[in-house]
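*Asks:* Residue numbers (numbering that gives the first Met the number 0), protein chains in the order written: chain X, 0 to 98; chain G, 0 to 300; chain B, 0 to 662.
Mixed in with the good hints there might be a few duds.
[Stated by the list, open to error] A partial selection of chain X residues facing chain B, derived with a Cβ cut-off under 7 Å:
1) L21
2) I77
3) I81
4) S87
5) D91
If you are wondering where the hints come from, they were derived from the structure by calculation, not from laboratory data.
We treat Cβ as the ideally placed atom computed from N, Cα and C, and that holds for glycine.
Each chain, written out:
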Amino acid sequence: MNLSNYLVLSAVLFTIGTSVVLLRRNAIIVFMGIELMLNASNLAFVTFARMHGDLTGQVVAFFVMVVAAAEVVIGLAIIVAIYRTRRSASVDDANLLKS
Amino acid sequence: MSPTALVTQVDPGPGLATLVETGRTTGAEEVLFWVLAPIMVIAALGLVFARRTVYAAMSVVLVMVCLAILYVAQEAPFLGVVQVIVYTGAVMMLFLFVLMLVGVDASDSLVETISGQRWIGVVFSLGLGAVLVGVVLTARGVAPRGLEGANADTNPVGVARVIFGDYVFALEVVGVLLITAALGALVLTHRQRLEKRMGQRERAEARVAEGAVLTPLPAPGVYARSNAMDAPALGPDGRPLDSSVPRVLRVRGQERSVADVAARPIDGTEHLIEVDEGLGEVPGTGSTPPERGITGEEPIR
Amino acid sequence: MTSALASVPAAAAAGSAIPATGVFEYAWLLIALPLAGAAVLLLAGRRSDAWGHWLGVLASGGAFVVGALLTVVMMGAPLEERVQDVHLFDWITAGAFDLAAGLRVDPLSLSFVLLVTFVGTLVHIYSVSYMEHDAHRRRFFAYLNLFIAAMLLLVLADSYVLLFVGWEGVGLASYLLIGFWNHEKPNAVAAKKAFVVNRVGDVGMLVAIMLLFAAFGATDFETVFSLADGANEALLTAAGLMLLLAACGKSAQFPLQSWLGDAMAGPTPVSALIHAATMVTAGVYLVVRSAPVYAGAPTALLVVAIVGAFTLLFGAVIGCAKDDIKKTLAASTMSQIGYMMLAAGLGPIGYAFAIFHLITHGFFKAGMFLGAGSVMHGMHNEVDMRRFGGLRRYMKITWITFAAGWLAILGIPPFSGFWSKDLIIESAFATASGEGWQPWVFGTVALLGAGITAFYMSRLFFMTFHGTQRWPGHRVSQTETVDEPVQDPHESPALMMWPMIILAVGSVALGGVLAFGNAFERWLDPVLGYTEHPDPVLPIPVIIGATLLLVLLGAFLAWRQYAAAPVAVVAPRGSVLTRAARRDLYQDEVNETLLMRPGQYLTRSLVFGDRQVVDGTFTGLARLVGGSGELVRKVQNGYVRSYASTMVAGVVVLTAVVLAFRI
Chain X
0 MNLSNYLVLS AVLFTIGTSV VLLRRNAIIV FMGIELMLNA SNLAFVTFAR
50 MHGDLTGQVV AFFVMVVAAA EVVIGLAIIV AIYRTRRSAS VDDANLLKS
Chain G
0 MSPTALVTQV DPGPGLATLV ETGRTTGAEE VLFWVLAPIM VIAALGLVFA
50 RRTVYAAMSV VLVMVCLAIL YVAQEAPFLG VVQVIVYTGA VMMLFLFVLM
100 LVGVDASDSL VETISGQRWI GVVFSLGLGA VLVGVVLTAR GVAPRGLEGA
150 NADTNPVGVA RVIFGDYVFA LEVVGVLLIT AALGALVLTH RQRLEKRMGQ
200 RERAEARVAE GAVLTPLPAP GVYARSNAMD APALGPDGRP LDSSVPRVLR
250 VRGQERSVAD VAARPIDGTE HLIEVDEGLG EVPGTGSTPP ERGITGEEPI
300 R
Chain B
0 MTSALASVPA AAAAGSAIPA TGVFEYAWLL IALPLAGAAV LLLAGRRSDA
50 WGHWLGVLAS GGAFVVGALL TVVMMGAPLE ERVQDVHLFD WITAGAFDLA
100 AGLRVDPLSL SFVLLVTFVG TLVHIYSVSY MEHDAHRRRF FAYLNLFIAA
150 MLLLVLADSY VLLFVGWEGV GLASYLLIGF WNHEKPNAVA AKKAFVVNRV
200 GDVGMLVAIM LLFAAFGATD FETVFSLADG ANEALLTAAG LMLLLAACGK
250 SAQFPLQSWL GDAMAGPTPV SALIHAATMV TAGVYLVVRS APVYAGAPTA
300 LLVVAIVGAF TLLFGAVIGC AKDDIKKTLA ASTMSQIGYM MLAAGLGPIG
350 YAFAIFHLIT HGFFKAGMFL GAGSVMHGMH NEVDMRRFGG LRRYMKITWI
400 TFAAGWLAIL GIPPFSGFWS KDLIIESAFA TASGEGWQPW VFGTVALLGA
450 GITAFYMSRL FFMTFHGTQR WPGHRVSQTE TVDEPVQDPH ESPALMMWPM
500 IILAVGSVAL GGVLAFGNAF ERWLDPVLGY TEHPDPVLPI PVIIGATLLL
550 VLLGAFLAWR QYAAAPVAVV APRGSVLTRA ARRDLYQDEV NETLLMRPGQ
600 YLTRSLVFGD RQVVDGTFTG LARLVGGSGE LVRKVQNGYV RSYASTMVAG
650 VVVLTAVVLA FRI
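All chains should be built: construct the whole structure from the sequences, respecting the hints.
*Replies:* This is the structure:
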């Protein structure tokens, strides 16, 4: 087996994460889709690190995790705030940007 | 050999081979991959199709645990552990907390509201997958080097050298980012109190102002033939007190009237009993619902 | 008698102006007095309603006193000091162009000053009574004063540019006064018509000024006239024709005469002062003043004569058919100014006679207009002569004064008109060259015009004051009864009578006095230069005899038709010529067909093109942008997932491109 399999798996996971973002309306699930995309990219980074024999890829993946943690905190806080005011966690209900 | 030096050595070289053709994994790793990869894909697809949010969350947890295993297999044990701790341990639990807060039973309707969005999403996702896989399969690279050299002093030490060496500034910035995020979450979820806080005194005063009964409600009646909770007690005027029967029983229509529990002669001995004409029929008994009690109890809802 | 002497340019013969000295330095008072009067009356508002008209009379009268004083002093001055220039202030200084505002005081301008201020003052006095019941009498006097000031500025200006200021000023005053009763639409329309037609002439004025400036680099008379001698003939001809255009506009000469008849919508004193005596003669003044320019442009001069001759007949024919007393007088004015133009077009031999006739005409025509106003005053503002008749018994003084004016315009000796008009007719029969078709044509036209004038003026006179009574009165009328308010003709008050009497005296005597020993001609010599008069192609007694014969014939015909025979109250259908003349010989129709309609169509098509093509392009662009925005707006539906789809699409496309081309 060669390492590109990991990359293909990463691509597949990333695609699934994208489709989750595009298809699901529950904000929490959408968020999980984003996390899935981040994880898929992490897998790619780790694989790249291994290919190049360089730990930088792993470090980048580490930073991605940290930033993702921060992002989750904020994102979920936003979801909770929206849920409090609108009693809904659907992304389609928050379409006040229109007009 | 510093990591940057390693990067500089990455050059395609004359014998340019595609990534597909390069490979250097052990058989055990291959088995591991082929076991885990389908599981991960199926679990990820569960995120797409799961009707219940908790299932979706659990499938994501599964994907992340599998990823952690793959990290370890890919000579990144530190990341694998961090993955388990940070993602599955912290992030996903946070997700579950929020899920509980929002409502576990808020199942997501899969009926599409934006016309065409489902097809657009599917097409674009497939397109994205196609181009990404295309990129991977057509990319040209070098023969994998492996991380034996970099992980000479164990992987965490190697990673630490890079983080606290080359990326120490980025690390500080990320720390600031985390603190900011924590503050941001506090600010976002903070609720401004718009009215005076409702204390015990205020509640009591509101009750009095409402005209509600302040005392405990009367206990159910105790009769010779019944001391169950479904029979109302009699008030000082001899009328049954509706409020003495628990509200639940009244709502369900399971209370009994006083007549049901009144003393009754054995069959065939009715004539032996002298009917007290003065008392007459007990008011409030019989099939018709009793009138409102004199105590002014709360109405049956 | 030599043609060489006759064609000597006037300016060269007269010498140039000298700086004003002594009393002439106060010539600015002439303009300042009425201007101040107008300003006070307009600014003081209703506070001056009670005394404003008298202030107006005072301002005009003051100007007359100043003018008379200057004239007396001028008469005592030696010949070479009679052209004086009063420097007022440096007006326009731009590069090499240096124009001072100044007044040119000379016999010519002083003649006008006297005419304008004298007749003007009389009309002011007349108006005090005539406009007594008008709520806006003060405003009327303000406009009259404004007119006097502008007219004096026009005649006193020492440059074409300053003259143009006065030119526009009298146009403005004329517009304001024609439309004085502008609450009635016909009056407002008439005022607008006068204004617009005058603007056509003003274009000529402006072009002439530009031409002269381009050629000579100056616009003051002094420089222009000295340089005009020996200048390019084509240039002078062009300038002369443009000046003629301006004169046609202001003096109601063909083809810009159509406004004068409608201008009678204004109050009658206005018609007397502006549209008979003074403003309409400004064109003649312009031509005469520009004599040095015309001296080098014989063609332009010929055109002036032709225009004058044509208008002479044109106005006379119209006058024969009109039943409106004021419009008949307006046609007569047009015709008489045609005489003046003809005289001016004859060149140096006619200039002085043009001005002479202008002065006498100013008196007798103003007198007749005031008489017509008096008649209207006594007849409930009736203007239809067919509803007059036999008024001499009720308005004795009006009848007599009007008769003086009538005899004067007919040219019966020794009334004023005889002296001036006869000179013009004689001159028309003579030209400087003395040969060719011109004397015969112009002379015949002038002769014929005198006959027609006699007919229509006698018609007017007889229809109004003689013949049968055709208005419903207390006495039983012989003609058919009309359902109209009963007329009670009465004489006008003294304030109206005295100006008429004074003007009548002028109509009787002024011509003879001024003609005595060619006094007026000699008076103008410092300006126009001395000119020998060539002999006419016919002997002078023959011309005088023929003229008188024609005049008497015309008057007799009019008497037979309108005094001896009954006059129909409703105008008969009349011949083709009569019907045409009633409609101003279709001048309005011609103007409308040839100028107005095409102009309107042009405007409309331009507007259409502007809307459709120019605006259409830009509104189309805007609509395109708006429409595409409307389309794109649908993409902005507010749904996060749609935006995410767009992002993903972008990523897919970008990656696909990179993948395909290996960038």
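*Asks:* Per the CB criterion, is X:I77 less than 7 Å away from chain B?
*Replies:* The hint is violated - X:I77 has no Cβ within 7 Å of chain B, the shortest such distance being about 12 Å.
*Asks:* Is the shortest C-beta separation between X:D91 and chain B less than 7 Å?
*Replies:* At 6 Å from the nearest chain B Cβ, X:D91 passes the 7 Å test, so the hint holds.
*Asks:* X:S87 was flagged as interface toward chain B. Is the shortest Cβ-Cβ separation under 7 Å?
*Replies:* violated, 13 Å
*Asks:* Under 7 Å is the threshold here; is the Cβ of X:L21 close enough to any Cβ of chain B for the hint to stand?
*Replies:* Constraint on X:L21 satisfied, holds at 6 Å.
*Asks:* Per the CB criterion, is X:I81 less than 7 Å away from chain B?
*Replies:* violated, 12 Å
Violated hints, in rising order: 2, 3, 4; the structure is consistent with all others.
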